[in-house]
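So the protein sequences, as listed, match chains A and B. By my numbering, the letter at position 371 of the first sequence is numbered 371, and the numbering carries on one by one without gaps. By my numbering, the letter at position 403 of the second sequence is numbered 403, and the numbering carries on one by one without gaps.
Hints listed in this document are in silico derivations from the structure and should not be mistaken for laboratory results. Here a beta-carbon is modelled for each residue, glycine too, at the ideal position from N, C-alpha and C. Hints may contain errors.
Said to hold, decoys possible - Which stretches of chain B does chain A cover? Using the computed rule of at least three CB atoms under 8 Å from a CB of chain A, they are:
#1 266–278
#2 402–414
Unchecked claim - Listed below are the simulated SDA-like cross-link pairs for lysine to any residue, each with C-alpha atoms no more than 20 Å apart in a straight line:
#3 Lys-265(B) with Glu-153(A)
#4 Lys-56(A) with Tyr-69(A)
#5 Lys-402(B) with Pro-240(A)
#6 Lys-224(A) with Leu-206(A)
#7 Lys-56(A) with Ala-329(B)
#8 Lys-228(B) with Val-179(B)
#9 Lys-265(B) with Pro-240(A)
#10 Lys-31(B) with Arg-126(A)
#11 Lys-224(A) with Leu-208(A)
#12 Lys-56(A) with Thr-299(B)
#13 Lys-56(A) with Tyr-293(B)
#14 Lys-413(A) with Gly-325(B)
#15 Lys-56(A) with Asn-292(B)
#16 Lys-413(A) with Ala-329(B)
#17 Lys-347(B) with Phe-60(A)
#18 Lys-56(A) with Gly-298(B)
#19 Lys-402(B) with Asn-71(B)
#20 Lys-402(B) with Glu-153(A)
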Amino acid sequence: MATVSDAPKASFRLSMLIYDTRYRSITIQIVVLMLFMAGAAWLVDNTVRNLAALGKDFSFAFLWNRAGYDINQMLVEYSNDSTHGRAMFIGLLNTLLVAFMSCVAATVLGVIIGVLRLSPNWIIGRLTTVYVEMFRNIPILLWILVAYAIFTEVLPAPNAFRGDNPTASMILFDSVALTNRYTAIPDPLFYRSLGNIDVGLFLISLDLLAIIAVITGSVLVNRKLLAHATAVQNATGVRPVTWWKSILILIVPLVVLLVALGFHAERPVLRGFNFTGGLDVSNSLMALWLGLTLYTAAFIAEIVRAGISAVSHGQTEAAFALGLRPNRTMSLVILPQALRVIVPPLISQYLNITKNSSLAIAVGYMDLRGTLGGITLNQTGRELEAVLLMMLIYLAISLLISAAMNVYNNSVKLKER
Amino acid sequence: MSDTHSETVAYVRETMLPQGAPPASEVGVIKWLRENLFSGVLNTILTVLGIAAVVWLVQAALPWFLHGVWNANSLTECRQIIAETWGEGAHGACWAVIRERWNQFLFGFYPSDLYWRPVLALALFFAAVAPVLFTEMPRKLLWGSAFYPAIAYILLWGGSLWVPISVMAGFGVGWLGLVAARRTGLPLLGPVAVLLLPLLWWLFLAGPAAEMLDRAIPLWVEEVRSDKFGGFVLSLTIGIAAIVLSLPLGIVLALGRRSDMLLVKALSVGFIEFIRGVPLITLLFTASLLLNYFLPPGTNFDIILRVIIMVTLFAAAYIAEVIRGGLAALPRGQYEAADSLGLDYWKAMQLIVLPQALKISIPGIVSTFIGLFKDTTLVIFVGLLDPLKGITDAVRAAIEWKGVYWEPFIFVGAIFFIFNFGMSRYSMYLERKLQRDHR
Chain A
1 MATVSDAPKA SFRLSMLIYD TRYRSITIQI VVLMLFMAGA AWLVDNTVRN LAALGKDFSF
61 AFLWNRAGYD INQMLVEYSN DSTHGRAMFI GLLNTLLVAF MSCVAATVLG VIIGVLRLSP
121 NWIIGRLTTV YVEMFRNIPI LLWILVAYAI FTEVLPAPNA FRGDNPTASM ILFDSVALTN
181 RYTAIPDPLF YRSLGNIDVG LFLISLDLLA IIAVITGSVL VNRKLLAHAT AVQNATGVRP
241 VTWWKSILIL IVPLVVLLVA LGFHAERPVL RGFNFTGGLD VSNSLMALWL GLTLYTAAFI
301 AEIVRAGISA VSHGQTEAAF ALGLRPNRTM SLVILPQALR VIVPPLISQY LNITKNSSLA
361 IAVGYMDLRG TLGGITLNQT GRELEAVLLM MLIYLAISLL ISAAMNVYNN SVKLKER
Chain B
1 MSDTHSETVA YVRETMLPQG APPASEVGVI KWLRENLFSG VLNTILTVLG IAAVVWLVQA
61 ALPWFLHGVW NANSLTECRQ IIAETWGEGA HGACWAVIRE RWNQFLFGFY PSDLYWRPVL
121 ALALFFAAVA PVLFTEMPRK LLWGSAFYPA IAYILLWGGS LWVPISVMAG FGVGWLGLVA
181 ARRTGLPLLG PVAVLLLPLL WWLFLAGPAA EMLDRAIPLW VEEVRSDKFG GFVLSLTIGI
241 AAIVLSLPLG IVLALGRRSD MLLVKALSVG FIEFIRGVPL ITLLFTASLL LNYFLPPGTN
301 FDIILRVIIM VTLFAAAYIA EVIRGGLAAL PRGQYEAADS LGLDYWKAMQ LIVLPQALKI
361 SIPGIVSTFI GLFKDTTLVI FVGLLDPLKG ITDAVRAAIE WKGVYWEPFI FVGAIFFIFN
421 FGMSRYSMYL ERKLQRDHR
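Isolated chain B, as found in the complex:
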């Protein structure tokens, strides 16, 4: 029929018109503006309000930022410089406080000639986690990571080299015990040796051994006591230690909570619910006030270690709940498939269940880590100098910086933001990288 058009109808266009440009309102900036900012009455009102808010914020804050002074020795000098440069009544930030107290914000009261030690510990930390995070690296490097805790301890606190060595030796003792038990061929001996020998070593032999070796061959690094710690060195020490320790503990607790064994399950549930039900501050108080009651008379160990233990327990309970969610989200078929392959419990968990469950739980785990890192600021309430309140109060206590509030808050907040935002972006990247299903 279309062939006969020209005969049946008076006029029919036989050639296509050349393609014209789209109307101005449908391309480029105008289209974008219409669609995104002014698509309706409500939307237009929102846009106007939003622009007003931005303008108001910029007007209020920008001059303050721009008038900032970086070189001054006190707040009064700062204000003088601002008044001279920008006229009487101008407001401006006094970034000089950050510049002058930079070391204090980062290191607290750590001896200044030893600053290289925490820096080196942090650098080595990245070297140690690299083989864990990136599976392409040679597996042998993991042995280096295994020794990292002892190295970090020596670098941060110093003291006798033999203390961390004898603590690490506990693992060696356990391993030797396992090998020896395998040799004898007795079936029950292996697990007992692995559990019991290191415990016995740590409880009774580690201390005397370190002391003896110390007397024989004194190996000392200059000691730094815990009350010298402060600022971001303290935050990172507590944060990283608790993050590293709480993940395995959280996995164990999550498995315990989903266990068929009534007693194991009850203990896990009790522990998790108790920890999740109380504020972190009460646990920190327990660390600072009550641990002396719970430990054998005369024991007195380091406050930072006590805080690390409590923060670890706290984070582990939350991580356990996150991983429990991951375990529950896994289809039952996966568990049954593992069973039907004849894998035992630990093999099934290690090879089939946990890799998938942990993958599902990555966002939750990372947000728990972020929460943990933010919570390291609470250690101020047991007398440790965190960067947020401890150090800023110490800075304000000096007569030249009395009354400087916003600059330290903005500086410390920005650093926390960078760390946490980075962590959350990394978790998003990891989630995308590990995604196996097709969408």
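Just chain A, with the same shape it has in the complex:
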């Protein structure tokens, strides 16, 4: 047996900092840190000197000054006497509004197209392929501009709806009017409204809160009912019939509440040259929504298709061999596995929608970029603060969405033993 002697103790030499793997990573990190600090210091120093040369300071006080401009599309109270901060808030709400609307519509359209693309039908397969390739390979800006051109150039003016023989007519049982200036839709109103509460930044409709509370309650009660049914099934082997109870629980309370509040939809009516009553949705919002939806639906369709094809056929066969009916196979075996593949990229598409909604600039929709990064920036001349704040807000939205994605990913992750 050979005796193992200690390695010769070398005294520390400078070159070991870079050639000895024990020290090298520390050297590299220190160099990187120094470079990073130097770079950051250089940028900050430049900024400070540039600001001083221009006689500007770095402050967000402008957010509390009077904005002095109007916003054509808003969810909560705003007038040109409001502050720049409030204008920014309106813009943020508008960004979230169009992003949410597009996410919902793009998901519905994308799932339909993705499923149809898997169909064995030759014509449908080709049509959906053409759709997906066309929308994926052409810039989204073009689709937004095309949608805007359709809304502003092709649609009739409001006064085309006038007269005994109008050249244009309303759609969806005379409830929606598409015009070249705005889209008039019915306005949900309550005869016996509960009023609003002021939460500082904006008013919240108590009616809306009541509806949300009732729906949440119904869903919870329904879930309890289903849990009870499962317990009975586990104990006795027979599942009690629940479908009519579920329907009752989910629908009746909501209907009762709506009747009690006197819910009705006020339809837009043509008076003079314009529609009154109802809500006027600006065409910029409609065009942006349509463009984002059509474009993102193509991506979502591909995600859905990939997710469903990712579940191997053996899984279906195994489920059939166990005696599961086709719809139980779908809900218990295929969908859970497909969703695990589908949901992460789907959420990153939602993120893309939120970021792409900043293309509102092309159609003049007043989103966060239009208010804070547009008129406020130009009026106050505070480019640095406005752009930084805008980036931070977008970053916060993105991080929130990806945090939600991580929570989901962890919950559906393969539990390996």
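Given the structure of chain A, go ahead and fit chain B onto it with the hints provided.
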């Protein structure tokens, strides 16, 4: 037993029947129709709906395309010609706008006598990437590719020849420094020389050197300022530059994100997540509004270069995430095998890990490139004339083409489609070509 059939059973056929033709419903068009279009109630409904959709689309669009007019000087003239040829009330496309503004769509406001320069730059680009894309070509051609950026700069922007030469000289300075450091034999000097000397050259010496040489031997090419750029010249300039620059940066960021070094990893993650969390428009605004704040007072450099830098950073963050996926998909055994062969980090990455990881990431990388090329249209919002909105708005601003919407959109969209569809097909081809596992 089969031998005794004829004795035991009253009648048994002893000769095979001649092969008959398959039933009509099982061959040819009918079988195909039954299987692909009418295999069930739902399928039949879908087929009918699909055919109805196609018919409706063709009915709505085909006459418009067929009635197109190619020779006219204004939209009103177009409409007149259509009305005369196809009768009152007929709709038709006015392709004449594309024909008349063709140069503007391609070159923007680039001086018309210099059109050959961007065209030559594009042709040389293909010559320069050929040795990179096709490994069968002689390796010496790569030296030509290395000088391509300087040549392209001179061709596109013009100006003093000495500017790109002195910038390229920075690399030469670094190389000379490395050789000199090797000569001295001091261990630390090599890497320091490679990093430091070019930086010092670019920061302090490149400008004065170019100026001095320019005064001594003036070599000038006619200058074209950035505001003359537009159309597809602009899109391709930004797109190609950002694609070429973002791939190496993305690889570095991906390696940084998977590094064991805490600080390197934290910086990479911070950078990637920040860039991916904000819309490109805010970064373009940073390029146009804020870079003046971040750079030393008095610096003012070209808006297209600033946009290229920002688009590069943007794409690099996305590419880094794609490549990180490729790195993670590689079995751990590959890393361990590289270690056990005694390869150091860079050798292991270069010879074993990256070739496989990049191969896995090809679809993702190409779709990032496609996204990048589509995003070059956003430069309109910092005042550059992209082909999609910048040029079409400029065309519509002329009184003779006021109100022409669809033709420019279709033309520009078709060109983008051809580029992007081509890229995605090439990536599929590459994926198949590089596939080594047996399926």
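Hints and how they fare:
Evaluation of the coverage hint for the region 266–278 of chain B: fulfilled, as 6 residues show C-beta separations to chain A shorter than 8 Å, against a requirement of three. Beta-carbon proximity to chain A at under 8 Å applies to 6 residues in the region 402–414 of chain B; the threshold of 3 is reached and the given coverage holds. Taken as a hint, the Lys-265(B) and Glu-153(A) pair is broken in the structure, with Cα atoms around 52 Å apart against an allowance of 20 Å. Under the criterion of a C-alpha separation no larger than 20 Å, the hint pairing Lys-56(A) with Tyr-69(A) is inconsistent with the structure, at around 23 Å.
Between the alpha carbons of Lys-402(B) and Pro-240(A) the distance comes to roughly 69 Å, so the proposed pair goes past 20 Å and is violated. Distance hint between Lys-224(A) and Leu-206(A) is unfulfilled; the C-alpha atoms sit about 27 Å from each other, more than 20 Å. Between Lys-56(A) and Ala-329(B) the CA atoms are separated by roughly 50 Å; this puts the pair beyond 20 Å, and the hint is violated. In summary, the hint linking Lys-228(B) to Val-179(B) is not supported, as the alpha carbons are separated by about 43 Å, beyond the 20 Å threshold.
As the CA atoms of Lys-265(B) and Pro-240(A) are separated by approximately 56 Å, the hinted pair breaks the 20 Å bound. Taking the CA atoms of Lys-31(B) and Arg-126(A), the gap is near 19 Å; set against the 20 Å cutoff, the hint holds. In summary, the hint linking Lys-224(A) to Leu-208(A) is not supported, as the alpha carbons are separated by about 24 Å, beyond the 20 Å threshold. Pair hint Lys-56(A) plus Thr-299(B) holds up; C-alpha atoms about 18 Å apart against a cutoff of 20 Å.
Distance hint between Lys-56(A) and Tyr-293(B) is fulfilled; the C-alpha atoms sit about 11 Å from each other, no more than 20 Å. Distance hint between Lys-413(A) and Gly-325(B) is fulfilled; the C-alpha atoms sit about 17 Å from each other, no more than 20 Å. Between Lys-56(A) and Asn-292(B), the direct Cα distance comes to roughly 14 Å. Compliance with the 20 Å bound is thereby established for this hinted pair. For a cut-off of 20 Å, the pair hint linking Lys-413(A) to Ala-329(B) stands: about 17 Å separates their Cα positions.
At most 20 Å may separate the alpha-carbon atoms for a hinted pair to count; Lys-347(B) and Phe-60(A) exceed this at roughly 50 Å. Distance hint between Lys-56(A) and Gly-298(B) is fulfilled; the C-alpha atoms sit about 16 Å from each other, no more than 20 Å. Restraint check for Lys-402(B) and Asn-71(B): the C-alpha separation of about 17 Å stays at or below 20 Å, so the hint holds. Between the alpha carbons of Lys-402(B) and Glu-153(A) the distance comes to roughly 12 Å, so the proposed pair stays at or under 20 Å and holds.
Hints 3, 4, 5, 6, 7, 8, 9, 11, 17 from the list above are not met by this structure, while the remaining hints are.
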